[in-house]
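Just so you know, the sequences run in chain order A and B.
Take 8 as the starting number for the first sequence in the working numbering and just add one per residue.
Take 82 as the starting number for the second sequence in the working numbering and just add one per residue.
Just so you know, these hints were derived from the structure itself, not from any lab.
Hints are not guaranteed to be accurate.
Partial selection, computed: residues in chain B whose CB lies under 7 Å from chain A [claimed, not checked]:
1) V182
2) V187
3) L194
4) A323
5) F434
6) P435
7) A436
8) W437
9) F438
10) A606
11) S619
Every residue, glycine too, gets a C-beta built ideally from N, C-alpha and C.
Listed here are the chains, written in short residue letters.
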Amino acid sequence: MSATEVPTRGPARPAPYVISGVLLVIGIVVPLIVPLYARTDPTLFGMPFFYWYQILEVFLEALLLWIIYTIIVREDRRRRLAVHGDRATDGGAR
Amino acid sequence: MNAAVLAVAADGTRPINGVALAVVIIIFVAVAVMGFLAVRWRVTPADRGLKTLDEWGLGGRSFGNWITWFLLGGDLYTAYTFIAVPAAMYSTGAVSGFFAVPYTIVLYPIVFLLMARLWSVSHRHGYVTPADFVGGRYGSRTLSTAIAVTGIVATMPYIALQLVGIKAVLTVLGLGSGDNVILQDLPLIIAFVVLAAYTYTAGLRAPAVIAVVKDLLIYIAVIVAIVWLPSHLGGWGGIFDAAQTKMSAVNPATGKPVGAIIPGATSFNAYWTLALGSAMALFMYPHSITGVLSTKSRNTIRRNAVVLPLYSLMLGFLALLGYMAIKAGTNPVDLNGKVNPQLVVPQLFLDHFPAWFAGVALAAIAVGALVPAAIMSIAASNLFTRNIYKDLLKPHATPAEEAKVSKLTSLIVKFGALIFVLLMDQSAAINMQLLGGIWILQTFPAIVAGLYTRWFHRLALLIGWAAGIAYGTFAAYSVVNPVTHAHFGGSISPFPFTDVPVYIAVSAFVINAIVSAVLTLVFRALKVKDGRDMTTASDYGADEGDPKVAAINADDRWVTPSPDAPIV
């Protein structure tokens, strides 16, 4: 398939991928550690900890993913620039 | 509870709620008109008539951030979810209901990680389905057919369950209590015929447009309910106390408590494996992947992974409506006079809100069934067209023929689901959906490992897939409901060789992965011939600006296999 082997991106730097990989693992593993939050106290407006903590986690996860997104997209853009020069795009933050 | 029982006649017949019904009908008609108009939405004059699968089945692969957000939100958070999650909370509490929240939390890192690569390789090679990718990556028609069939079989009961969602709404509205079988199900049949018609006409654009309406309606309904109901019912403390009281009652059939509002240590493993297994399975479903491939650029899905958790927030609140129904004494009596927990959310809205607002909320649920049903039928049709019709029956089918076959298949799929719901017991659909979740996760090793490595042997993946399906089916069959003594009594069973109760799909997946890995080593050692990989490393990082492979060499997926790599 040599005809199609046109590089789309330059070589990767490991650091952004290692950092975002670790953050992704945290984002997957921490919400699954049930003993961390399977308790009633402290309650919030009468809602047991189990419930309000997991709802709070939705926001924490969104924040975490936003951080990962900025790291990955910056690296993606750099790698793309290395190959395409002016044609670099991440699809545009529309 | 007694006062509420009196409101519904003993035989379960209900008065028709005229105002709420009128609101539901108006919204339904508006949505149907939008669905038909969608045929012209964002279509260039050259593409009028949607004559290719890219146009009909993937909305022109052109959806940006906003549309994707609504489309995926409408696609993943289905009407059945809206009905079943609060119903589970109402019946047995946190373990079988609230796991949906961590499930849809850990879902998004997984999506973020995997789906951009799948988008890129599919963009480069024009893949429409996950089975297209597996076929191209492993050069195995057997494996790609296995993936396609799993996808279709897992999707069918899921579509049927969307009908169950509509049915719950219709029942609460007072419809469906006629004596005649046809008359009884007529509203459901009409709803589905209209849905089938605009999906046939406008393809994926129809659910994309409707999803915007559906999602806005459901947000309004849930926000109003979550702000107003707790104060009306005497605060969160009272709601959780009522739930606690109901859950600690002893079930006479098992001698154990009905449920728990906080999972005990024995159900920790069930809770997290349910969440993880469901999250891993969701984006293996063809309808999720259809949503991903309809986006216009590599990072659209990543941006969406950041903002889609907003829907999880709504799902969490919706789940809590199940507890509010306990506190409010909601009495979900079905037409046959028996308690049907699936009616709690529609009934709760009807009991506590003005009829017109209850109508809006019920319409949101009903329309919420139409969006995923449309996308699922499109996804199943694309699988059939690409990986069965084209790969196995007519290799030289033109893009126009593909679109035609897919449109017709979408009709067959929908009527199949309709007949399934009308003729079979509802629990059959639920059992099948339970099995579908287990089965679809068995496509994970082939699809996901393939995104990163070509290490696995195609034959090993096929045998691993079969082992996972066989174990999962057997384990699910062996779970016996303690009350009814029926098989397929649940999705939790002990992990093999232990007594740790976990989600069966996860056990089956572990078996699948181990078999695939071990057999890969064996087949490599025995030098069993592997398939040809049509993809290259650069394909997995491609973006919208990069040229497509088809532009360089015409579709050579199956037409010209190299002599040294016979197709399995």
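Outcome of the hint check:
1. V182: At about 5 Å, which falls below the 7 Å cut-off, the nearest Cβ of chain A leaves the hint on B/V182 intact, so it holds.
2. V187: Cβ of B/V187 sits 5 Å from chain A, so the hint holds.
3. L194: 6 Å, holds
4. A323: Result: violated, 12 Å to nearest chain A Cβ.
5. F434: 22 Å, violated
6. P435: 26 Å, violated
7. A436: The hint is violated - B/A436 has no Cβ within 7 Å of chain A, the shortest such distance being about 30 Å.
8. W437: 29 Å, violated
9. F438: It is violated, given that the least Cβ distance between B/F438 and chain A is near 24 Å, above 7 Å.
10. A606: 27 Å, violated
11. S619: 5 Å, holds
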